[in-house]
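Starting from the given sequences, assemble the full structure and let the hints guide the process.
Protein chains in written order, with this note's numbering: chain A, 3 to 163; chain B, 3 to 163; chain C, 3 to 163; chain D, 3 to 163.
It is possible that some hints are incorrect.
No distinction is drawn between identical chains; accordingly, a pair holds when it is met within one copy or between any pair of copies.
[Unchecked claim] BS3-like cross-link-like pairs, simulated, lysine-lysine; straight-line CA separation at most 27 Å: (1) Lys-54 with Lys-155; (2) Lys-161 with Lys-54; (3) Lys-54 with Lys-7; (4) Lys-24 with Lys-155; (5) Lys-24 with Lys-54; (6) Lys-155 with Lys-7.
Since the hints were made in silico from the structure, they are not lab data. Bear in mind that the values here come from a model prediction, so they are computed numbers and not experimental data.
Number of protein chains: 4
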Amino acid sequence: MINNKRFIAVIGGGQCSKEEAKLAEEVGRELARQGAILVCGGLGGVMEAACKGASSQGGITIGILPGDSRQTANPYIQIPIVTGMGYARNITVVKSAQAVIAIGGNYGTLSEIAHALQSGIPVIGLNTWSLSRNGQPDDSIILAQSPAEAVNKALSLAKNR
Amino acid sequence: MINNKRFIAVIGGGQCSKEEAKLAEEVGRELARQGAILVCGGLGGVMEAACKGASSQGGITIGILPGDSRQTANPYIQIPIVTGMGYARNITVVKSAQAVIAIGGNYGTLSEIAHALQSGIPVIGLNTWSLSRNGQPDDSIILAQSPAEAVNKALSLAKNR
Amino acid sequence: MINNKRFIAVIGGGQCSKEEAKLAEEVGRELARQGAILVCGGLGGVMEAACKGASSQGGITIGILPGDSRQTANPYIQIPIVTGMGYARNITVVKSAQAVIAIGGNYGTLSEIAHALQSGIPVIGLNTWSLSRNGQPDDSIILAQSPAEAVNKALSLAKNR
Amino acid sequence: MINNKRFIAVIGGGQCSKEEAKLAEEVGRELARQGAILVCGGLGGVMEAACKGASSQGGITIGILPGDSRQTANPYIQIPIVTGMGYARNITVVKSAQAVIAIGGNYGTLSEIAHALQSGIPVIGLNTWSLSRNGQPDDSIILAQSPAEAVNKALSLAKNR
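See the structure below:
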């Protein structure tokens, strides 16, 4: 692995609010400042904002794309992985990370949260889904109140899986 | 398609409580009585109980397996599909169905619910996950109080996608 | 499994010559006559011709589709499996079969032949690819001279994997 | 993309002969010298030898792993991508590259050659498979006589897909 750097996924909608984009960009910046490698689904919205932030600090960005062409990656992706597998690539996004930061998000993001939790990969949430099962709250998503807190929690929980 | 029969997925844990198994078995029986084809992940727990119910009424059962061998299918699977793709097969389970009935379930089931909702496939829930997003309840999972109600809702909402 | 029936894949081009279509249709008919279940990629060309043949004899046909919609299946598919995984579904086509019959075919068919041989699944060839490795012929593809011979070889070599 | 660097896949057996390892290591070295990024399946044999060569020259190596853990990567992989999809990951290996160099190899390698050719990605061969279809040679695999020639051909044919 690159100098034992941590691989952290940032997940969220391919379209997002301005507020979510701001959070994502700051998460990306902070990940890069702390030397982590950013993994994401490679497209727009939260993914692009996070990559923009990471790039601004010289960070490395990996985009695991659903389609058949690297041309679909957002402009801040340095390492495009072209899966050709559609949204089945969501499972690869989270399995390639040692911790996951979820920002906002729609059902695709929820599927990634679920795949991460199924695989025992820590999930940190910023304004994202919350879950309950059979009427009981499920507290597996670790809440953060700010990008810096999300990044710190992700890095401290990241496992060498 | 077989005489325009409906394809309905039953999803839930590979291990489950007795109560969940009872619900799943009755869902399977009712699906078969109403002429639907049962799609599932092919393994034990809720999947096996549903297939047992469907088989008892002469229904057809399809198991979309994660591993490399048809020998891993539960004994009530008539059509084993061997994906070789691990839990990426979850997306195929739901995309092969016209509606999904979720019974109990862990994070794998949650990923299937999310993939279904992302694809616009109706999800009926029996004692399963509930969701909220950014603090607002998400009512996309349609609640049912009984196996019969779940099956009726699934069949009436099933779309010819 | 359905009355211990054999699952046999028929693979070949999504577009094909008239001669290939004729071979495929006869393969489909003979598989159905002998009680086998036909597995294929669900699209046109060789796949459709084989399914047409099987259907004419009351056989069961399974189509493992690359895309996101069951509407893409050829009209003779009874069990559409919607993978949502693009051509990664090729591996599922062959793993779901106990033997594979290849008719003509392009590079997609070659990938299926390779995945089958990698998994130890017998491949019978009718006017299809032949292989050599480092200058030495590889005889793993079992040649057949007619549809009936291909079906007989496939059924006798089919393993209960 | 990283400074417009080329992404070139090196494919071959997870176990290989000493001669193949020597070829692969030199291919890896030459790719790194010419500034290309090496993509592979992340495991042993040809993959490991190529990564060893690239690493010795300061090159970047990406390993697209079939399993569920980054721990399965060979020691020279800098960017492990954990697909969780078994050998369906073969399609991602080739789609993530702009050209492919095949060295020796078994059926898994053949499946990667086929997926690459299906996707229009150039394949350069060093002591690897050769193909004929319906009795006619298929010359799609571009032959090279040495690692340097293979790398030069790969880089000159690499497309910005």
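Violations among the numbered hints, reported as their numbers in ascending order: none
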